[in-house]
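S.K.: Residue numbers (the numbering used here), protein chains in the order written: chain A, 1 to 251; chain B, 1 to 358.
These are computed hints drawn from the structure, not numbers from a lab.
Glycine residues also receive a C-beta, built at the ideal position from the N, C-alpha and C atoms.
It cannot be assumed that every hint is accurate.
[What the hints assert, rightly or not] If you want the footprint, here are the derived chain A segments under chain B, 3+ residues with CB under 8 angstroms:
no. : region
1   : 60-70
2   : 76-84
3   : 137-151
4   : 168-175
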Amino acid sequence: MKILVAVKRVVDYAVKIRVKPDKSGVETSNVKMSMNPFCEIALEEALRIKESGRAKEVVAVSIGPAQCTDTLRTGLAMGADRAIHVEYPGTLYPLSVAKIFKALVDAERPALLLLGKQAIDDDCTQTGQMIAGLLKWPQATFASKVVLDEGNKVATVDREVDGGLETLSLDLPAVITTDLRLNQPRYATLPNIMKAKSKVIKKLTPQDLNVEIRSDLEVVQVTEPPQRQAGVILSSVDQLIDRLKNEARVI
Amino acid sequence: MTIQALLGSIRRRSFATRVAHSSRFLSTLVLGEHKGGSIEASSLCAVEAAKRLGGDNSVSLLLAGSGPSLQEAAAHAACFHPSISKVLLADSERFTYALAEPWAKLVHLVQQKDSYSHIITGSGSFGKNVLPRAAALLDVSPITDVTEISGSNLFVRPIYAGNALSTVRYTGSNPCMLTIRATSFPTGMAPASVSNDKCIEKIDLSAFSKDDADGKSRYVSISSQEDTERPDLANARIVVTGGRGLISAENFKMIEKLAEKLGAAVGATRAAVDAGFVPNELQVGQTGKIVAPELYMAFGVSGAIQHLAGIRDSKVIVAVNKDADAPIFQVADYGLVGDLFEIIPELLEKLPEKNRQI
């Protein structure tokens with residue numbers, strides 16, 4: 001079977017972001033960019049399924065500006081067989097991304113679509129669910145374990161939910177979004193980085209897929225949240241209890 | 001212009017404004033969760049959020065499930081009148097577990113029938129799972145994890161793990177779909193004990209057509225740490241969290257003892273959950289639970305950006321760590337630099353007995 005994996009290029013998780021003085025957004029120029037950590041986990045899971053002999057092909061897909069090819073090269077270096085870049089320079093909200101993915105899925109016909117549960121830039125946590133809705137495929141979000149049956153017909157997925165760990169059984173084809181504990185992604189080795197240079201990145205535009213990008217959202221401004229000030233370092237447990245009781249009055 | 005003419009023109013203008021406002025009729029559908037015959041706290045927060053949309057807004061609560069606990073939950077919800085004008089019930093076995101596929105279809109069905117201007121639910125794992133799928137079926141962009149409602153179409157939501165706030169305007173057609181962060185919309189007074197049977201409406205599910213996703217997703221089981229003694233992490237008044245500094249699952253029991261002494265909920269960092277000290281539902285942070293207790297105590301927690309995202313709105317933060325440079329001290333109101341293995345026992349010894357908060 002074929003597995004499609006969505007990968008997003010985002011500001012690296014360790015970067016301390018700054019809001020632009022004109023409040024138009026977050027400063028991203030000259031800032032380290034990386035593959036979204038949850039997308040890395042999704043790709044890693046696809047690669048493990050392939051290495052276990054269950055899948056024939058892993059295709060990495062990224063949607064966005066020209067630099068997305070960097071992220072796709074990383075994906076190819078990790079082990080994806082080929083990549084697709086849907087190039088679009090402007091702002092894309094999950095609904096548009098979902099429509100593009102629906103068109104790609106209709107063309108590529110994978111049995112499994114894996115995505116990260118959320119991107120660490122916008123923290124939307126929407127895209128996988130929206131694609132599943134458009135495709136009318138079953139979905140399992142926040143996956144911490146994925147087990148495929150013998151015939152690759154059913155996926156048993158453990159999901160991390162508010163109440164604990166929920167187990168669902170899905171008929172393929174299905175959409176699964178990954179949570180942190182699903183796996184530990186591999187690093188791309190140097191030989192694989194070299195091999196990746198000759199792998200194919202297919203270029204498409206939303207137009208090629210007959211998807212019209214229209215937006216029903218508008219970002220009015222981006223601001224800094226109220227900053228918490230550092231408090232005091234106390235010198236004893238007695239002092240702490242006293243402050244909590246008599247100053248903060250929380251106990 | 002004479003005084004009378006001036007006053008007359010002002011009166012006419014304000015009359016015109018009043019007419020414009022009253023013609024903006026909002027109607028909100030709240031997707032509700034229920035358990036054991038009661039409405040979940042986050043759903044009540046969603047009702048609270050609906051009130052902030054302003055204008056003339058009628059709020060309907062949609063509940064789905066099967067059996068007597070659903071009926072009980074509906075009766076409980078009807079007690080929240082006047083906030084809730086109507087309770088809609090989808091009574092069917094396909095809703096026994098809150099699966100996204102039938103739920104999204106249900107929302108689609110109800111929206112087609114009643115044309116709400118807004119659809120809201122809490123941004124816990126249910127809302128995150130269901131609302132975006134429903135939004136795709138309705139061809140609208142949802143806005144998730146809203147922390148502030150500035151108007152019927154203007155919302156603020158955190159991005160970059162809460163290190164920035166994005167103000168977003170919805171410019172599409174109805175419905176405007178949101179998930180709201182429960183800690184940002186606390187509920188007010190206790191409900192009145194007025195019950196209104198007339199406002200419970202059963203949804204006709206005969207039109208629930210069979211579509212491609214039907215039956216393709218099946219609930220198997222859930223494993224959870226049921227601790228009815230301790231308050232729920234998401235809305236506890238006090239939270240005691242342990243991080244990697246606890247070193248082992250055995251040591252983590254100290255955190256639990258301290259929580260018990262304080263009548264608090266237990267939380268954990270990602271590192272502690274990854275290491276297997278505690279199950280995932282105790283994780284606090286950007287991709288875990290967001291909490292806003294009156295008192296948040298963090299032991300052996302370094303204070304990574306992603307963890308801080310989950311605790312920013314706490315009233316008082318206390319940090320105990322042997323590393324004076326740990327980032328947590330930059331946001332803690334009170335800090336103790338020292339060995340938690342000595343400090344926690346001392347706290348257990350010296351803290352007053354907990355008083356039960358009702």
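S.K.: In terms of beta carbon proximity below 8 angstroms, does the region 168-175 of chain A have 3 or more residues touching chain B?
M.R.: holds (count 5)
S.K.: Quick one: see if chain B covers the region 76-84 of chain A, three-plus residues with Cβ-Cβ under 8 angstroms.
M.R.: Since 0 is below three, the answer is violated.
S.K.: Can you tell me if the region 137-151 of chain A counts as covered by chain B, using C-beta to C-beta distances under 8 angstroms and a minimum of three residues?
M.R.: n = 7 at 8 angstroms, threshold three: holds.
S.K.: Confirm or reject the coverage of the region 60-70 of chain A by chain B under the rule of 3 or more residues with a beta carbon closer than 8 angstroms to the chain's beta carbons.
M.R.: violated (count 0)
Hints 1, 2, counting from the list given before, are not met by this structure.
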